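Q: Sequence:
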Amino acid sequence: MRKILHYTLVAAFALWVPAGWAQATAQAPDRLAEASTPRISVGGPRVTLERLLAHAARHAPALAVAAAEIDLADEERALAQPLLSDNAVLQAGVGPRIQRGGDRARAPNAQVQLLQPIEIGGQRSLRRDVARAAGRTRDRAFEQARWQVHQQLHAGYRTALAARRNAEIAQRLAMFSEGLVDVARRRVLTGDAARLVEQLAEADAAQARQRAAAALQAYRDACLSLAEVAGWSATSPPEPAGDLPVPRRAPTLDELTRFARAGNPELQVQGAFVEEAETRAALARRDAWPDPWIGFQYGFEGAPNGGPGEHVIMGMIQLGIPSFDLNQGEVARRTAQHRVARERRDALSSMLVVRLERLRSAVSAAAERVDAFGEHILPRFEENLTMLRRAFELGEIDLLRVSVALERFLGVQQQALEAHADYFSAIAALEAQVGQEIWPGLEEAQ
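The sequence shown begins at -5 in the working numbering and counts up one residue at a time.
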């Protein structure tokens, strides 16, 4: 009878523990069931990419420097403006005219000569060509800087979106770990688990909080990088609006090549450098030509014997004997600069197609990696956490298996986000070569 009563009490206790455990679970604050994906923020406003680009167009430090460098072409414009490239020369002489023999009579003599060098080899026209070419080079350099800012913000915006998603997952995992501590504590109180389980849960929660802090700092760094490029205030850095864009395959090589030939910023700058170097070399060769001097001479010749003095007025022209070996150092330097600029342009042009194909394949490969995870991998993270929590509550798995499962789930999430990050990096590198957005407005559409 005692044996039967003992088994009855044991069975009743076994039934009471799950019932009491379920009742305590239902009545206790459930951080996991009520938790949703946390809103991550670093204290800045949510801005669209369009607004960020508009702000950068007015306040980006790199654009301010590039705009100021345009004024460097004013030197060439100033050199091309004067009609006369050199100063006139005035010569004057005064002295006596002494008659030989006799009483050596004297009379005053004076002479004034004014000569002005003029260029007849077209140097002034070439200087204007140099000024225009230098202006085009500076303009192309400004456009290159503008596109670099645009592209950096475009890439940084995507990176910040991925960093925020990573911070959200890390914060959600920290909340989940805190919930596991509550579950473990209740199981310890009901005698369903040892005290060590609670301590292990607390250790896992501390590790999750550390991950969340590191992920939040990575997101803050991404937002501050946007502020640095766009000239935004550091006290409230811009935060991206929207979600991660859906990856797409890269356009064909022919399309990218056509875009890059017309819009590659570096190729445009190198082409402008070639034109400028060519005009400078032509000017250096023309500067070796001699410049004639034209002017007039006035002379007064007194009469030693007391007769009337004579006034002499003559037009003057002075011609140098041509020696085309002059200015050869400058000619050689400018010719070499032209050759180097041309080779750089041709080398960049020859490598462009190969570079585009490499980056295009990188974009497509990264998009395939993202597709391999499927569009439900990231959203399924919440579902997996709920299933783990229920299994741990019911004692179906122990805390060690929960930790292992969390590591696997988190690893998959990290790999998916890394695939997105690689995709964004490949897109950024490809757009840097193409010189335009591959899919304009994609982020805004998301």
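Simulated from the structure, these hints should not be mistaken for lab results. Accuracy of the hints is not assured; some may be wrong.
Unchecked claim - The calculated label-pair distances, taken between Cβ atoms and stated as ranges, are:
#: 1; residue 1: 351; residue 2: 324; range: 40 to 48 Å
#: 2; residue 1: 351; residue 2: 32; range: 15 to 23 Å
#: 3; residue 1: 301; residue 2: 114; range: 39 to 47 Å
#: 4; residue 1: 309; residue 2: 87; range: 17 to 25 Å
#: 5; residue 1: 229; residue 2: 183; range: 45 to 53 Å
On a predicted model such as this, the values are computed, not experimentally measured, just so you know. All C-beta atoms, glycine included, are put in the ideal place defined by N, C-alpha and C.
Q: Hint by hint, note whether the structure agrees.
A: Quick rundown of the hints versus the structure:
1. In this structure the hint that residue 351 and residue 324 lie 40 to 48 Å apart at CB holds, the actual value being about 42 Å.
2. Checked against the hint of 15 to 23 Å, the C-beta distance between residue 351 and residue 32 comes to roughly 42 Å, which is inconsistent with it.
3. The hinted range of 39 to 47 Å is satisfied by residue 301 and residue 114, whose Cβ atoms lie roughly 43 Å apart.
4. A hinted range of 17 to 25 Å holds for the C-beta pair residue 309 and residue 87, which are about 18 Å apart.
5. The hinted range of 45 to 53 Å is satisfied by residue 229 and residue 183, whose Cβ atoms lie roughly 46 Å apart.
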